[in-house]
Amino acid sequence: LALVFLGIGLGDVIGSATKGVLAPALSPLGEDTAMVLVMLVLPLLLYIILYRSWYGYALRSLGENEEAARMLGVDVTRMRIIALIVAGAAAGAAGAFFLAGPSNGRWSAGRAIGWGWLSLGTVILGYWHPVGVVAAAYLLGILYAVTPLLQEIGVHAALADAVPYIVVVAALTVISWIYERAGVRPPAAVWRR
52 LALVFLGIGL
62 GDVIGSATKG
72 VLAPALSPLG
82 EDTAMVLVML
92 VLPLLLYIIL
102 YRSWYGYALR
112 SLGENEEAAR
122 MLGVDVTRMR
132 IIALIVAGAA
142 AGAAGAFFLA
152 GPSNGRWSAG
162 RAIGWGWLSL
172 GTVILGYWHP
182 VGVVAAAYLL
192 GILYAVTPLL
202 QEIGVHAALA
212 DAVPYIVVVA
222 ALTVISWIYE
232 RAGVRPPAAV
242 WRR
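Numbering (our numbering), first residue to last: 52 to 244.
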């Protein structure tokens with residue numbers, strides 16, 4: 052928790068001192084060309100890697116049964132380190148895209164507070180599957196886009212800002228109940244009791 056607050060404080064200090072000029076849009080998609088391309092290509096690429104390659108098979112087997120992965124010849128420690136590096140790089144890139152996109156390159160203090168928790172909820176809502184996570188992320192994006200509209204129709208700004216969080220918590224409650232009733236389980240390494 053202390054690291055979270057340290058990161059928020061450092062981000063505010065460093066970010067508020069940063070000045071810059073936006074480059075003109077060079078694409079019919081506007082300033083978000085890279086985000087649109089990543090949004091379209093990355094889920095397909097992840098699906099291919101996770102479900103059509105040896106690396107994906109090894110990674111999924113590691114998530115289900117570490118001993119079985121070892122029997123397949125997977126170097127468990129190496130695979131975990133690679134997965135953590137890739138996940139960390141992806142999270143960093145996503146954060147950079149997020150902070151650069153909606154704010155049009157302008158800094159605002161506390162811009163990303165809480166979005167890491169929402170992204171974790173998105174993964175759970177999407178049932179740890181690239182297609183499901185993309186669908187849940189689109190839902191979250193729609194909720195985020197609707198927030199200013201809610202303010203325009205008279206919903207208090209604090210309540211409008213809370214809508215994505217409220218919806219994700221409610222959806223997680225419902226989907227967890229559905230998963231439990233249907234006997235559906237995420238990867239075994241994630242859902243240990």
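Because the hints were derived from the structure by calculation, they are not lab data.
Ideal Cβ positions, reconstructed from N, Cα and C, are used throughout, including at glycine.
Please note: incorrect hints may appear among the correct ones.
[Said to hold, decoys possible] Using C-beta positions, here's what the derived DEER-type ranges look like:
id, residue 1, residue 2, range
1, L96, G60, 31 to 37 Å
2, Y98, G205, 41 to 47 Å
3, L101, L200, 18 to 24 Å
4, P237, I132, 20 to 26 Å
5, A240, L200, 39 to 45 Å
6, I133, L201, 39 to 45 Å
Okay, the hints, checked on the actual structure:
A beta carbon spacing of about 36 Å between L96 and G60 agrees with the range 31 to 37 Å that was offered as a hint. At about 42 Å, the CB distance of Y98 to G205 agrees with the hint of 41 to 47 Å. Against the hinted window of 18 to 24 Å, the Cβ-Cβ separation of L101 and L200 comes to about 36 Å, which falls outside the hint. Checking the proposed 20 to 26 Å range against P237 and I132 shows it holds: the Cβ atoms sit about 22 Å from each other.
For the hinted restraint 39 to 45 Å between A240 and L200, the CB-CB distance of approximately 40 Å keeps it satisfied. In this structure, I133 and L201 meet the distance hint of 39 to 45 Å, their C-beta atoms being roughly 42 Å apart.
When the structure is compared with the earlier hints, a violation turns up for hint 3 alone.
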